[in-house]
Structures are given as structure tokens and as C-alpha cells.
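In order, the protein sequences belong to chains A and B. Each residue of the first sequence is one higher than the one before, starting from 63 at the first, in this note's numbering. Each residue of the second sequence is one higher than the one before, starting from 150 at the first, in this note's numbering.
Note that these hints are calculated values from the structure, not bench results. Some hints could be false.
To be verified - Listed below are the simulated SDA-like cross-link pairs for lysine to any residue, each with C-alpha atoms no more than 20 Å apart in a straight line:
hint, chain 1, residue 1, chain 2, residue 2
1, A, Lys334, B, Val447
2, B, Lys154, A, Lys334
3, B, Lys446, A, Asn267
4, B, Lys557, B, Pro572
Unchecked claim - Computed list of chain A residues with no C-beta within reach of chain B, every gap over 10 Å:
hint, residue
5, Glu216
6, Glu222
7, Leu227
8, Trp247
9, Phe258
The model shown is predicted, which means the values in this text are computed figures rather than measured ones. Yeah, the Cβ is synthetic: ideal placement off N, Cα and C, and Gly gets one too.
What follows is the residue order along each chain.
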Amino acid sequence: MKTALKAILYLIGFPLLLAFLVIESLPMFKAGETYSFYPYIGIMVAGLFAIFYLITALVTWSVSRKTDSLKKLRRATAALVAVGFIFTSGIWIVMDQFAPPLLSDATDGTILYPDVQDDYLNKAELHGALLKGFINMNYENGNLSSKTLEEYQEEGWQNEEVKELIAVNHTSLREDGFDTFVGPWGILAVSERLTFDGILHLIINERPAADLKFIYKGEGRGEEHGEDPINWTIMDMVEGVMTFDISSALEGEVAGMEVTALLTILKNAIPKIVSALNEVIADESVAGSYIYIDLDLESGLVTITPTSPSRGVWDYMQNAWFESNHIILAVLSLFFMRHLFLIFGGVIVVASLLIGLIREKQFAKNFKQEESASPPPDDDDDEVGANRESPYLKSFYSSMEEVRSRRGYFEN
Amino acid sequence: MGKQKSLRAKLGVLRVLKVAFYLLGFPLLLLLIKLDVDEFASGVLGNKAYFGLAIVAAGWAVVIVAQIVAALIAKKTVTKGIIAAIISIVVMIAPLAYIEFIIEDRFAELEEKYQYAEYEYEFEHFEMHTRDYKEDLEDHDAAVTRFLYTYNIEMEYQMFGMENTDLTLAIEDLDSPDFLKGFDGIPHYIFGKDEGGAVYSPNGLYADSYVFGMEQARYIFRTFYGAIDDFNDANYDTIDEKLADTIRKLNSDPDSSWNKYKQTDAYKRAYENDDKSDLLNAKNYYISIERLDSILKVLGTELSAYPEMQGLINLLSSQMGFASISLADLSLESITPLLEGFGLAEADLVGLLEGLSYYQSPSVYPVFFFIEDETLRDYAYAKYLGEVHGAKVASKLVSELPADPNIKLPNVGKLTIDFNGAPPIEKEELLKFLYINEIEAEFMPELYPYLTIRNFLFVFASVVPFTLLISYYFAALERRNFYGNLKLKEGAK
């Protein structure tokens, strides 16, 4: 009966915790299914902790069977409780204190601890989607063309072609793009401080000649599947399409003519002017690469579309994450542990304590059996040797004997 | 057997009561204070929010030491309890006395100091602070949040890389030998040198990647609005007129320090340099006339691909009465007649381009360095840094005031390519905020941590010794039952 109870207490500890963790991590495994063992790091670490606990349980169990001292038995229980606590709640209490600066440093402040502490599931799905989107973009533009889209998606990160493209793209975007922006303007731009002055600097500043590494293999550019080195512009570094309103600027007058009237005359010409402007920006003497600008006269909205999606890259920050996606997924997989481990910390501590108490009961029972089978040992032999009542009281009184003799409390 | 069981149960109850009453003293007090002050740690008090907590914790430590000493010197539990209780009264009353006498005096001093404060600011007496300190802290922090949001800045200044556009390095050390050395008897000038720290370029302006913190923004606003408010010159209507005229004179007077400075190698290297590979060549970083010329040529080539565009240009030219321009030959030279038709000279075009994309070389003094009138010079720096530098880094502080006071002020702060900034805080309100904020930011961290514990100390001054005594009482009962029982057993033996 007691053994069965102990088994149940063990089962509601780490085994149940691991079962919940597996269920909770299923979306994580799905998101990172082609990322080898990386999305399983969390489960592996949890399994390792469970093994530590199991080893402690076995060692303390062995102690509890061999020992003839209640004190040692209780020490074993204390060790089991402590290990149970340290490898569940303890580790996360410490992590919460020390991991935030480490994570921030490792990701240059782009991923913060509070961002992933609770939002790990969405983050995992986002990072999984980065790979799927990357393959889609590069299949569409022809960079990936030797297999079907489904095959690429199925193989994902395991596909060497995909892996190489990720590495080449990122190196190019960083070394031929971001790093070539002179001064602080690139950093300001990706820090949500892209001003008109900033964009002008980023377009017109002389940039050191880059050793162009990016190989665009898309169809319809140059030779069939030819290689076409390109320049990156700042718009490739920032996220998504940008829209800004210039309607207030359209209300004035130029040379005595209402701007709106002038624009009406130019209406048919605007797309051509805009297209010519795009060519100008792409000219080596200006930005050296396309920035697609469009003007909608009706709404007065200017939109700027980056070329990065058509070239099959994410914006600079996402690309930096994406290049280390396997590491990020591994880190995220650890956060799936956090809530469960904090909750189960209490369960495992209580279960360990109960296991200890059951061991004591068994110990007392065994002792009684031994006692009836062998003559009573001498009183002075050891602390539980006194042939009085339960082992608890024996221990209790023997410790009091120590106190009494030490302090001479009852000496007259 | 039954007797032993009931003894164990009784001992258990006594132990629980002993510990429970102990927890109701200092541990509960510390917990309540911590929960109460946590919210202030992110505001003006910062870590000082926990100063009061530290005082109480120190008091507790003193009581623990007293308990240990009492355990060593006293035999009776009651005696130990009394010693601990007396010490606990002392450590509770002492900080209270300090607050009620010394700290209250500090409040009285400040009340006197700010008796005739500006902006109708009233420094309340001590009792009002003890009553309202939480609201005051919340108000203070809310005003700061609004200010920081409006101007897209943070409390401390930020740097986005340590390189300027021309790759000169930003300078943090104000005594650095990398600063320029002044010119023509005018000593080197660093704007806002003593105002809470900033990071500079060699010419004494802020570094390109520098974004103001609270203190520097305050200094810019004060300098800017202070000069406007104090402006009194019969020759000019506004300080901006005087500034424009002063700069015009510096430009036109061939003997001005500014014009002499423009003859130096340093200046020429930045602004009259044809070597594109020279990083210090400022022309690399803005649309110069030469750059515009090459852009126009490319534009002409691209546009001439559409024959109807040439037709359109011809149509517009004839409507406006100008000679038509051939798109294929589009260049600065070919549009000069057109510009003249608009009444513009090449110099105007240069001015227009400068307004659009001028780059102030960090290695060269700006023209306003040479303004002799110090107030006007400070104003020019504050205006340039708040308006032009601020706009470049998406933290615009000030903007050109519209001529018509009824026109809404243009947005400031985060004016980026996809964000429209925020309406500025109205001048008087802003100056009042800056004034009060500075006073509060000084006295709140100094004095309010005491107020956060004051009420707790009053309430717990009696609770702590009481709970300690009760705890010792239960400890005594526990011992009596415990040893009493042993004695019984001893007697029985």
C-alpha cells in the first residue's frame, strides 16, 4: 500500500510535469519541425532535471533502506525536497533574476526577457513562420528552384540549399547593407527613428564600396537564373511598406498655380515621373538600388515599398533573428518550461516530503519487526536504540538527553 | 501514550503561535512597506523608494542582535522578551523622531526657500506632504511621462553608435583634447557643458547620434524661451530677426571671424573639397549643387524615355511663359532660365538644398559660433540643436513659430517617415512643468522615502513590541510545558 502510494507521489511529480510539458510544447515542435533538435532543447533540459531528481530519489531510497538512524533518513528526505525545489521553481527564480541582461546582451536588446517570459508561444510561431515565409519568397522569385515548394517546405531548415541561402542573404544584408551605412543613420532607422533627414543621409551619403556577396538568382533578371549582385538600400533594412501623408503639402501654390491644378494637368504623367524617380534613386550616383515610391493623388499618400521581399529577405532585424532562428527556437523552448516548473515546484516539494514521511513509517515498521526478531539493543548504543515507544519519541527524548547533559539543566 | 500525544499537540500549537506572532511584527511591516513603495521605484524616487524599507530592515537587524545578546545574558524568557521589546520600541521611535524633527525642519526650510517661487508654485507645509505624497509622486511621474512621450526622449540621454556621419568619434570626456581649439581669439564653446552630461562632436555641438535626455532638453527649452522672453532690442522686433541679421552680417563682412575661418584648411576640407574619398568632405553627406546636377542629368535621361513627357513640359512652359527645356539635356545649367523665371538665383537653390539636407560637419564650427552676443549665441545653438538636430534624430524639441499666433503649432517629437509626432506642450505650461519638475526631482528623492514609512512606523511602533512580547510569551509557555514534562519523567525515574 505504502509503496503504491509512493509510486503515485513520484508519478505526480516529474513524470506528470514532463507529460504536460510535451503537450504544451507541441506547437513549438510544429513551429520548428525542421530545426533538428533545437526546439527540443527545453524538453531535454527538463528531462535532465528529472534525471537529477530520479538519481536523488534512488540514492535517498537506498539510504532509507540501509540506515538505522532516523536523523539520516530525515537528511535524505531534506535532500530530496531540496533537489525537487532547486530543479523546478528554484532554477526559474534564479533565471528570472539573472537571465534578463544575458538575453538582452545576446540579442543586442532586440529580444527582451519580458517579451518571451509569457509570450513564448506566439514568439515560437512567429519564428517558425519566418522560415515558411522565407521559403515562399525565395521560391516565388526563383532563388529556390530545384524542387517543388512543398518539398522545400517539408525539408525546411534541413535543406542545404535553404540553409546556404539564409547564410548568404544575411551576410550580404549585414556586410553589404547595414554595415555600409555611414554614421548613426542605419542604427537610428532600425530603432524607429527613421526621419526624412535620416532617409536623405541614407540615400545620398557616400557608402564604402561593398564587396557584394548577395547573389540574386531570380528569373527575369539578367541571364536566365543569372547572378546579379545588388546594392541594399535603407528601405531593405526597415520593416514593411511605409506610408506617409503629404496632402497638406498639396494645398499650396507653385508659381501662381494651385498645386492641385498643376497635379491635375500632370495626372497622367505622375506614374511616369514616379517611375523615372525610382530609376533615378536606383542610379549609382544616388542610392544605387531601387526604392519603390508611389504617390496617390486622391489621398495624398506616398507609399514606399522595400525591395527586400521580392529579393527574398526579411528586414534587417528579422533577418538577424532569422539567421539565428535555431538558437532562438532553442531559447524559446526553455520558456515553455517556466510556468509548469514554477507550478510543479510546490507539487514536487510536497510529494517529496510525503515520500520521506512514508519512508519513515516504513522505517518504523521495519524497526519494530527487527526489534521483535532480535534482543533489544543497549540503551547507549545509538539514538534510536532506547526500547521505548515510537522512533519519533525515542529520537525526541534522546535529543533532550543531550540538551540536559549539555546544559546541566536538571542538576541540582 | 495519550498524555505524550496531547503534549506534542500542545507544543505544536505553541510553536505555531510563537512564530505567527513574530511574523506579525517586523516581517509583516517590511512586507507592507515593500508592497506600498514598489510602484514608486519606477518613477522619480528610483531605488530611493526602498530607502525607508532599508531603515526598517536595519532596525530589525538591531533587534535581532539585541535578541541574541539577550539570549546570552538573560536566563528568563520573559527578561529576553522585555529586552527585545524595549530595543524594538527604540528602533521604531528613533526614525520617527528623526522624521518629525529633522525632516520636518527640512520641509520648513524648503517652504521658506520657495516662498516666492515662480509660476505660482507653492511648496506646502510638512503635514500636507505627509498627506499627499502619494498623489504628488503620481502627478510628478505622469507629467514626466507626458513630457518624454511628447518629445520622444527618455530620462537619460541615448546614443545610437559612437560615430558621426563623417566617422569622427563622439566625445564623452569634456576635457578631451579632440575638441577644436577655438578661433581668432574666440575660445572653444560647448553648448550645455554643465547640464547633466551630453556627448559631443569636436565642434562643441551634440554628436550626430545623440538624443537628448530630460536634463539637456530642459536646458535647451530654458535657453530658447529665456532668450525669446528676455529679448529687448529697439532695432529688431524679434530675436529671430536679430539672429538672421547677425548671420547675414557675418557672411557679408569680409573681415568677420566667420569669413576668416572659412579660409582655414579645416573649413575648406569640409566644404570646398573635391576629393570624394575624403571622409571629412561634408559634401558626401548632403545634396550639394554638384550632386543635384548629376541627379538632374539622370532624371532627364529617364524621363526622356517617355516622348509625351517632353510634350507635357513644352505645354507647361508655354502656359507659364518660359522657354521649354529639353529633357534629354536636363541639368542645372539648363534649368537656370526656368529658375530665373521664378525669380530664383542659384544661391536660392543652394539655400533650398541646405534647408532640405545640409550637413553640419562635426569637425568645423557652425556660423553661430562666431556670434559675439553671448545670449544670442546661446539662443542660436539651442534653436539649432532643438530644431535641426532634434528633427534628424526624431526628437524635435522646438519648431519655427508660425507668424500668426492663431495657427496651430506644428507637431514635435517623433516626426519620422511613418509617424507624425505629437502636438507640442504649450510654452507657459512647458516652462512651468520644467520649473516644478526640477524642484520636485530634487526634494522628492531626498525626503519622500521617509514619508513612505512614517505612517507605518506610527502604527507599528506599538504593534512590533507587542507581537514580540507575545511571541516570547508563547516561547516561555512552550519551554515550561516541554521541560515541565521532562521534569515529571525525571522524577518518575
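Hints and how they fare:
1. A:Lys334 - B:Val447: Measuring from Cα to Cα gives roughly 14 Å; hence the hint holds.
2. B:Lys154 - A:Lys334: violated, 99 Å
3. B:Lys446 - A:Asn267: Status holds; Cα separation ~19 Å.
4. B:Lys557 - B:Pro572: Between B:Lys557 and B:Pro572 the Cα gap is close to 9 Å, so the pair holds against 20 Å.
5. Glu216: Holds, because the least Cβ-Cβ distance between A:Glu216 and chain B comes to about 37 Å, which exceeds 10 Å.
6. Glu222: At roughly 36 Å from the nearest Cβ of chain B, A:Glu222 sits farther out than 10 Å, so the non-interface label holds.
7. Leu227: holds, 29 Å
8. Trp247: violated, 7 Å
9. Phe258: violated, 7 Å
In terms of the numbered hints stated before, the structure departs from hints 2, 8 and 9, listed from lowest to highest.
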